[in-house]
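Sequences are here, hints too, so could you generate the full structure?
Protein sequence lines, in the order shown, are assigned to chains B and U. Just so you know, the numbering used here puts the end of the first sequence at 383, numbered straight through with nothing missing. Just so you know, the numbering used here puts the end of the second sequence at 823, numbered straight through with nothing missing.
Hints listed in this document are in silico derivations from the structure and should not be mistaken for laboratory results. A few of these clues could be false.
Claimed, not checked - Simulated restraints on C-beta separations:
no., chain 1, residue 1, chain 2, residue 2, range
1, B, L232, U, S161, 55 to 61 angstroms
2, B, A205, U, K50, 50 to 56 angstroms
3, B, A62, U, K50, 39 to 45 angstroms
4, B, P273, U, Y129, 23 to 29 angstroms
5, U, S161, B, A58, 21 to 27 angstroms
6, B, A58, U, S114, 38 to 44 angstroms
7, U, G102, B, L232, 30 to 36 angstroms
8, U, G146, B, P273, 35 to 41 angstroms
9, U, D49, B, V206, 45 to 51 angstroms
10, B, R78, U, D101, 49 to 55 angstroms
11, U, K144, B, F258, 43 to 49 angstroms
12, U, M417, B, L232, 53 to 59 angstroms
13, U, M417, B, D256, 51 to 57 angstroms
14, B, L232, U, D49, 22 to 28 angstroms
For glycine and all other residues, C-beta sits at the position ideal for the given N, C-alpha and C.
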Amino acid sequence: MSEQEKPRKKKTKYFFDYTMLFIVVFLILFGLVMLYSTSSYEANVKFEDPAFYFRKQAIASAIGMAVMLGMMFLDYHRVQKYAFIGYAVSLVLIFLVLTPLGYEAGGARRWLNLGMSLQPAEVAKLALIVFFASVVCKFGERIKEKKGFLMVLGAAVPHAVFVLLITENLSSAIIIFAIVFMMLFVATPQYKEYIIIGVSLILVAVVVVLLVKYDVIPASVSYRFARIKAWLDPEAFAADKGFQTLQALYAIGSGDFFGKGLGESIQKLGYLPEAQNDMIFSIICEELGLFGAIAIILLFVLLIWRFMVIANNAQDMFGALLVVGVMAHISIQVILNIAVVTNTIPNTGITLPFISYGGSSIVFLLAEMGLVLSVSRSIRLEG
Amino acid sequence: MAKRNQPKNGLNKFTQRMSKKLAVLFVMILVAFAFLGARLFVINRDNGDKYKKRVLSQQAYDSITIPAKRGDIVDRNNTKIAVSQKVYNVCIDSKTLNKDDGAYIESTLTSLFSTPVEFSYTKDELRSYIMANPGSQYRIVAKKQGYEAVSEIMNMVNNPSMYPDFKGVWLEDTYVRQYPYNSLACDVIGFVQGDNEGAYGLEEFYNDTLVGTNGREYGYLNDDENLERTLKPAQDGKTLVTSLDVNIQSIVEKNILAFNEEHRNEAREGAGSSNTGVIIMNPNNGEVLAMASYPVFNLNDPRNTDNLQVEVELDPEQFGLMNGILDGNADLENMDDAEIAEAVRKMAEVENQDAEETPSEPAEEQAEEESTDTGTANIDINVGGDDEGNAPADSDDPYAGLSYAEAYDKAYEEAKMEALNALWKNFCISSTYEPGSTMKPFTMAAGLEEGILRGDESYVCNGVTEVGGHQIHCSNRLGHGTLTFAGALEQSCNVAFMKIGGVIGKSVFMKYNQIFNFGLKTNIDLTGEALTNSLVFDINTMTPTDLAISSFGQGFNVTMIQMAAGFCSLINGGYYYKPHIVTKILDSAGATVETEEPRILKQTVSEETSNKIRELCIGVVDNGTGKSARPAGYRIGGKTGTAEKYPRGTPNYVVSFMAFAPADDPQLVCYVVVDEPNTPNQAVSKYAAVLCRDILTEVLPYMGIFQTEELTEKEAEELAEKQQEFSKGSAAEENTEEVTGEIIVDANGGAEGQNEQGENGNSNSNGAITFVDENGNELDEEDQTGRKVEIDPATGYAIDPTSGVLLDPSTGAPVDPTVTDLQ
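This is the structure we're talking about:
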């Protein structure tokens, strides 16, 4: 009897996903190690400071961790109130890139200088996850209807379009669209519509690829078409558009099963451009081999599985959809990043979450993780 | 552990359906991951090896080679005679310069051209090159600049933060080979061409030792561990320490030059001889102290043809016909040769207007036939076509299908290369000639060693003797009359030596030729030693006439180094040392990695025979043909040589003198060969003897060998005069000053004090031997009595010096012949 009474007397126990926290911390630390290994050469050449990128990333990671902890102890329902404001502000931020606040790096104008550098696309991803989680809850049953569905989906269009037009960031636009698409997929009971949309998108892509391949659309129209050509045959464009992809493939291929050893990459020594950014996964393959690469993929799978568990057990629909959004965000970025590195899809700049270099990215990713952990904390354990 | 709560609000709760769809999404994500994982695996499996090689190959392509420093060559006193100097190439990276719309091109160019660097391009040329080649990342724009010139650029390259407007430039290290003494010992040292490849002499022979191993740099140098691992430092080449002495070498070269200038244009146009070679060796260890020949070339500019006579002769008629220049001329049959030549010459002049280094009247130039050793090359070209003037059908003709100008250029290039090769080769080891009378001591040694000659023979010379049906004359056609054994050598009587040859027979003569290495290489550590095995007699086909003439050094060929090395053994007690130049090899840090010890290859003759030959050679200088070789204040031994060249009957001779000094304790052997002295009568061995004397006069005091003989008044006067001349000459003559400036000749100071000492030493050290200078017979007798004593330690006759094996007292041959095969 007394044993049964004990839990009742106790306060309600809440769940906390230590597994996920551990995975995130591990990925962050592992990412820092890999980043230092990958970037020290270039940092030294460019800035005469081998730790240049590492230091910046470490600071961003520390800020991100603090944000994550803050979000974790915050009741995630409070962000629901700011869903629309977040939506509007993130849209404004995209436009701010056009003002003198915006600045250019690496040939693209994608950043804002607000005391610290900020990429509006990263803000937009977080804002849209919160916004759609909130909207879907509000729409309730109506979302099952065609009109409601299109209205919700349509709400994602401005961000995707402006990210594409203003910052010329196709990959972010795709990610934003994909996040919303996946969230809606989970939130609505239909399959048919998604299959139609998915198949028609694939068909459009195939047609474009074929047109480019047989020079119906000349590759000179846009560098994106040139990239498609390079994707189809990277060796033929080894000196130009195919260079980075080919160098990434060399890195992956030369890694063997256990790799050359941490820090032993040759490709990072000036051969692979942007090694510490989009291409860091190929350096992981080169240094840690197939073994290390698969281990990292499995860590991400584990993380995504934890997302699913938390979403399934979330206290309410808003929390569940938040988690689904973050899950969509991280999984789509990992998949696209590895797909680019392995030349499975044409080259487009997508970073590997937690590991690639990028301050905005890591801070907002960790903010999202904070939200997810906050959702996990609200799960009541049955006593 | 975590379970879903009971729904509070159906709408606001994650439904079963959603959960199911989430699971579908998860599975789809898993499938995507699995697919990508498989893709990684496939890349590794299918292309792993290929990509591994690509990574390595592009690494080699992009990496920077760190050149190894070629090792120095130093003389016995560590004076550097060949050094490698670090220099810098200035390189341009157009790709970097074209970034930011080429904003830094101007500023970078301005900075570059404000430095004292000598660029291969003008500023405008460079600017247009950068603009036109935006993809180029490597272009050398200034070659082999010294540190002072590039120090500013180096500063800018190394401090990019201080010079933000200076981009796309870097410096590449390289080395240039420098020879501080220019032409000194050029034949011995050799030079470096192309990609650090030694050519001729020590540079070629020791190329592998000198060259080192290039390093590689896979990135920039810094303190970072990752990067340092990618740096493979160059291993610098090793330093050669040679037995050469720069001072002795310059004395030798100065005197060779003086001789050739003195006799310049005397009997014919050109230098004082076709070639003049001198070798100075230490007979006691086989080390070469100096080795020189004439003409010389500047090692820092070996391809300079300014002093070369390159002449090309083309048959104008053939050319004219071949090229159809004269085809339109119907009067061809009626033109004489001069007219045809004139027509072709005019044609050639038009064609040749742009050609460099082309004499203005090539067709008329009639080259004199001269030996290639003088650096003159003469190539006759019979350009295709036959006498009828048909077009050449012979495809083997290297000049077929070429225009006159092209054929001329080609012929000129070939003639130039031939002349240069002749200039570069080392006369002392690469040229063969008939030794002449310097062979006579070897012949005598063979007879004495075998006991066939006893040293008390006498010979009657009436100027000519008949061998095998040939009348062979002595150098003195009137005849020497009756000669003692020593007198035969002193007077260099051919008749006597033909008799000696006949007595010892061809088998003994040839056996000793083998023993003295004639026909074999000495394997001196220099590239290009001539192999003379086909230039000596074959014992099976050797006729009595062959034996007769070879006994006084005609009919077979030797190299200078063979003679010098053999002569060393003849006068040093019979030890044949392998002649060598490198004594030590040092690593780049200066530590000795290899020492070349003197190597006795064999015992050629017994010490007794050696002593006898030494006495006989001293007699030659004291009483005979070698008088003029004696340097004032010293007593030396030696032998003259005057060899008639092929074809016989022409006035061409090789005169030579082989000396050792000082007489009682030889410290050096000096062998002088003058090929075709430029004098009306070449057959005067005095030329070589006097040159030898001049060299020894300076070298002996330099080596700290003291005078032993009293100077006559005349000699003292001459010596003083010479010294004055020398000090004056060194100031006046720019060329030789550098070479000889350091030498201090202290002949007078050394002379007086040492006279007595030397004389004392003479009587003390030589114990039983008394030099009976004036009387050759007496010398022989004493030697004869010496031989009758079975063991006489004083003369060393009966005890073999290396093994202590007893020698047969009646024949003088070793009882145990194995000691001669030390090799």
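Checklist entry - So which hints don't hold here, by number, going up? => result 1, 2, 9
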